[in-house]
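Number of protein chains: 2
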Amino acid sequence: MRRTIKVVKIGGNVVNDPEALKMFLSDFARLEKPKILVHGGGCEATRLSAALGIETCMIDGRRVTDRETLDVVTMVYAGLVNKRIVSQLQALGCDCIGLTGADADVIRAVRRPAQPVDFGYVGDILADSVSESVIAMLLKSDIVPVFCAITHDGHGQLLNCNADTVAQAVACAASRITATDLIYCFEKPGVLADPADDSSVIPEITPANYLQLKECGAVSGGMIPKIDNAFAAIANGVRHVIIKSASSLLAPMSGTTIRKPSE
Amino acid sequence: MRRTIKVVKIGGNVVNDPEALKMFLSDFARLEKPKILVHGGGCEATRLSAALGIETCMIDGRRVTDRETLDVVTMVYAGLVNKRIVSQLQALGCDCIGLTGADADVIRAVRRPAQPVDFGYVGDILADSVSESVIAMLLKSDIVPVFCAITHDGHGQLLNCNADTVAQAVACAASRITATDLIYCFEKPGVLADPADDSSVIPEITPANYLQLKECGAVSGGMIPKIDNAFAAIANGVRHVIIKSASSLLAPMSGTTIRKPSE
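Chains S and U are the protein sequences, given in the same order.
FYI, in the numbering used here the residues of the first sequence are 1 to 263.
FYI, in the numbering used here the residues of the second sequence are 1 to 263.
Hints in this document: simulated from the structure, not taken from any laboratory.
Don't take every hint at face value.
What the hints assert, rightly or not - Partner residues are not named here, just some residues of chain U that face chain S (Cβ under 7 Å, in silico):
1) Ile143
2) His155
3) Ile242
Where is the CB? At the ideal position from N, CA and C, for every residue including glycine.
Extracted from the complex, chain S is given alone in its bound form (with noise of 0.2 Å):
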């Protein structure tokens, strides 16, 4: 495989919205193929948890995931929000294969242990468990392959995951196959110096400007573990991560990158 594989994440943001999820997968079908969707699940999961009468609990940003939430999840994100995705890239033209991690084994991950909270029936990915010959099977027969952050344990238990880090997890194996670059898109058009500002890009994030962004407070919050996740991913064979807002995924010199530090 000689071109760059491109892993793009899309927040529940994107999913949330018809119109928004429309327009992106439009711009998705037109990325220059090799090519891997990642998706997170929206709140529909957490609509239909209430008209089950089921609460949902969030601690750190993270769904408390009990064996009966852990059914919504699989039903929305494995069902609902992963097929409506492959018919709607189907009708784009754009042959893909929505999975889990049960699926073809492709992705393990082991319950979360339950100190210091007990997330339930959460799991985190083993790394090195991620299976590139699948993904490199699907990519050599131009089927793109559609993630949902659902995986299993190997054991026979489902395990709801993060869908940042099955996007990290998916592109350091990809890594293995050819140089890949992880865009994760989301709501702003990248990193900014100024919250308040869209124009206040920052267009690159090393290991030493990192320290003096999270030093004046210029990244800070839920922005510095999607960073962290970003290094990490580089750290593992990864060329560029891209952080960028999900309505310019083909707009080119958009988003901030992250690179290694020797480049």
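Mind docking chain U on chain S? Use the hints.
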């Protein structure tokens, strides 16, 4: 591929019963490859519909599928049931991948005409649409395809199909790869000459004795479309169709076999 492909279909009665499903999957995992599983939905969709206040309407045993019900069956069949089966088979050492017809564009359907009965988002499979190349690619990689009965129309619309028909269409496509047997597993040990007597299994049905069996009333009701379906499979390349109990998948010489007239 030298060995016969076995396409096995299980119905809702097995899916509904966790213990029966576990035993069936344990047998299925031991069945010699190459093999394919097609599963029905079971009563979870009706249960979820009821919990959400969506009325279930069945006509001639088929679910009328409005937009809300389509979401329900997509969640239950493609999400909950399919991924539970996939993760359980993985735990049994049977590498497999869950599929709807939209995945890898493997089965296309058309929405059934609204006359004489408007079933909503119910699809009729386009027999020639089933991709034997995708099936061959998976079987060659030792990955067992596990189909639910959700397909798509290629224009972005998911459709609810009949699992018996999915199994038949998949078996016909598989028969273009190599010799293929289609095995319908259900709650009885086979087609019975006397419905009250489980030991009255008719070992073989040919076009000649089928007429007699219908005339004398031994074959009636819901068994007629099942056997018509079986003959359609035989006419389109499938070698044998076997109707047997889900609990005797591995028992040789069990159930009722439907063969070509010439055999």
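Unsatisfied constraints (hint numbers, rising) = Hint 3 is the one this structure does not satisfy, whereas the remaining hints hold.
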